[in-house]
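**Q** This is what each chain is made of:
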Amino acid sequence: MGTVSSTHAETPSGRSLWIELPDWPGNIAGQHVDVRLTAPDGYQATRSYSLASSGSAARVQLAVDRLPDGEVSPYLVDDLQPGDMLEVRGPLGGWFVWKEEQTQPVQLIAGGSGVVPLVAMIRAHAASGSTAPMQLLYSVRTPEDRFFADELSALENVTYAYTRSGPTDARIGRLTKEHLASAVLPPGAAVYVCGPTGFVEAVASWLVELGHDAASVKTERFGGA
Amino acid sequence: MSIFTRGFSGRGRDDNPALPPGQYLTEDFPVLSAGPTPNVDTDHWEFTITTESGAVHKWNWEQLMALPSEDIHTDIHCVTRWSKLGTTWRGVSLDTLFAEVETEYDYVMEHSYGGYTTNLPYEDIRDGKAWIAHTFEGEPLDPEHGGPARMLVPHLYFWKSAKWIHGLTMMKDDDPGFWEQNGYHAYGDPWQEQRYW
Ligand SMILES: Cc1cc2nc3c(=O)[nH]c(=O)nc-3n(C[C@H](O)[C@H](O)[C@H](O)COP(=O)(O)OP(=O)(O)OC[C@H]3O[C@@H](n4cnc5c(N)ncnc54)[C@H](O)[C@@H]3O)c2cc1C
Numbered sequence: 001m002g003t004v005s006s007t008h009a010e011t012p013s014g015r016s017l018w019i020e021l022p023d024w025p026g027n028i029a030g031q032h033v034d035v036r037l038t039a040p041d042g043y044q045a046t047r048s049y050s051l052a053s054s055g056s057a058a059r060v061q062l063a064v065d066r067l068p069d070g071e072v073s074p075y076l077v078d079d080l081q082p083g084d085m086l087e088v089r090g091p092l093g094g095w096f097v098w099k100e101e102q103t104q105p106v107q108l109i110a111g112g113s114g115v116v117p118l119v120a121m122i123r124a125h126a127a128s129g130s131t132a133p134m135q136l137l138y139s140v141r142t143p144e145d146r147f148f149a150d151e152l153s154a155l156e157n158v159t160y161a162y163t164r165s166g167p168t169d170a171r172i173g174r175l176t177k178e179h180l181a182s183a184v185l186p187p188g189a190a191v192y193v194c195g196p197t198g199f200v201e202a203v204a205s206w207l208v209e210l211g212h213d214a215a216s217v218k219t220e221r222f223g224g225a
Numbered sequence: 001m002s003i004f005t006r007g008f009s010g011r012g013r014d015d016n017p018a019l020p021p022g023q024y025l026t027e028d029f030p031v032l033s034a035g036p037t038p039n040v041d042t043d044h045w046e047f048t049i050t051t052e053s054g055a056v057h058k059w060n061w062e063q064l065m066a067l068p069s070e071d072i073h074t075d076i077h078c079v080t081r082w083s084k085l086g087t088t089w090r091g092v093s094l095d096t097l098f099a100e101v102e103t104e105y106d107y108v109m110e111h112s113y114g115g116y117t118t119n120l121p122y123e124d125i126r127d128g129k130a131w132i133a134h135t136f137e138g139e140p141l142d143p144e145h146g147g148p149a150r151m152l153v154p155h156l157y158f159w160k161s162a163k164w165i166h167g168l169t170m171m172k173d174d175d176p177g178f179w180e181q182n183g184y185h186a187y188g189d190p191w192q193e194q195r196y197w
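Chain order of the listed sequences is A and B. Each step along the first sequence adds one to the number in our numbering, with nothing skipped, and position 9 is 9. Each step along the second sequence adds one to the number in our numbering, with nothing skipped, and position 73 is 73.
One thing to keep in mind: the hints can contain errors.
[Stated by the list, open to error] Covered stretches of chain A, going by a simulated chain B footprint (3 or more residues, C-beta under 8 Å):
{"no.": "1", "stretch": "45 to 58"}
{"no.": "2", "stretch": "69 to 80"}
{"no.": "3", "stretch": "87 to 94"}
{"no.": "4", "stretch": "203 to 211"}
Keep in mind that the hints were calculated from the coordinates and are not lab data. For glycine and all other residues, C-beta sits at the position ideal for the given N, C-alpha and C.
Turn these sequences into a full structure, and let the hints guide you.
**A** Given below as structure tokens:
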């Protein structure tokens, strides 16, 4: 059982949450938790959320995007307040993770809120002093929709692919295979792709067509079309 | 023990006896896989069953399609908490494929194109409990959902129904497959909520 310690508006439709978890065993960058909500009549709804934080601290960070017709995400984005209790189970998932022992170059590719576990990897990479190159390609609707915008702006190895609107010198529109080819590390890199299912499907199959070994492309699908 | 979540009322009450604990109904067909979707073409497709004697039983796509297929009406339950009720598949029963296979071993490893594996007890794929499915809702199975053919073992969480199935290997012991090594439960019964470890 956790306690919400603070919330931070990230985008017009999303925010991040810090949660105190006294019994937290620590987690690896890329893992997720299950969050369970319980209504007064005992009805429960559970959804998975990636951790933006990693390591042993007894405080974890999530970031949630609101789906307008969703059951759980609007509650987490609009209603939850500091001091509220939240049932959190985890850490879960041992596959979509980055560990500091990994020495090969890393390409991270995010669609929308799929940036959350990749931010955990960027933070863990920086904290470890790893010399393995790591870069992020972040596909997002508009600059206002970027999660962790300030933190990512301060980094050099981040490029954006805006799908709706963006700076006048930027290429606007859905990511294409050609754009992807020009923006990511060549085959040989460890690649992590995370976001809505349709985005992950498209990007992962382009990567294979571009010569990446399927075994070096790890994916996490958040759901949706 | 759980406490109430302040201010949360929830949407639907899926008081549906067909829904295992902790699952919610979806009309979509979400996708869970660890990597890219492999492109497997039926001209080169092959399915094998390998036993302890080293015997390899092999079928190509034509041979599979020449075997009797059955209609399967079933509910499916994904470990990521969605369930889809009343789905319709067509596929070849594992009972048919195992008709000529001799084995004393009690466990099976499923192998997929793309390299993924998942383990389960042999008895869980016998007696009308498992199929090699090639058709979903009247259409050839999409690559995204495991086409051209996937395992269908609907009484277990859906990761046990390996997509892009390539072969089964009999095992003496219940060695963990890919997902099981990565934190998923060895057996995966949705009614017992055997999700992780
Ligand atoms: C491993 C994992 C990690 C995740 N991490 C995060 C995270 O860090 N941040 C985050 O915001 N979300 C994350 N998600 C998605 C999250 O679990 C929920 O699916 C999402 O918040 C929607 O829940 P909901 O109850 O609001 O919507 P629901 O009531 O479940 O769904 C409402 C409608 O939206 C569709 N839908 C469901 N999920 C999505 C989606 N992701 N995109 C588009 N449409 C969808 C549904 O099919 C349905 O039609 C993660 C999912 C997984 C599996």
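**Q** Confirm or reject each hint.
**A** Comparing the hints with the structure gives:
Taking a C-beta to C-beta cut-off of 8 Å, the stretch 45 to 58 of chain A contributes 4 residues in contact with chain B, enough for the three needed, and the coverage statement holds. Counting residues of the stretch 69 to 80 of chain A whose C-beta sits closer than 8 Å to any C-beta of chain B gives 4, which meets the bar of three, so the coverage hint holds. Against chain B, the stretch 87 to 94 of chain A contributes 4 residues with a C-beta closer than 8 Å to a partner C-beta. That satisfies the three-residue criterion, and the hint holds. Only when three residues or more bring their CB closer than 8 Å to a CB of chain B does the claim for the stretch 203 to 211 of chain A stand; here the count is 4, and the claim holds.
Violated hints for the displayed structure: none, as all numbered hints are satisfied.
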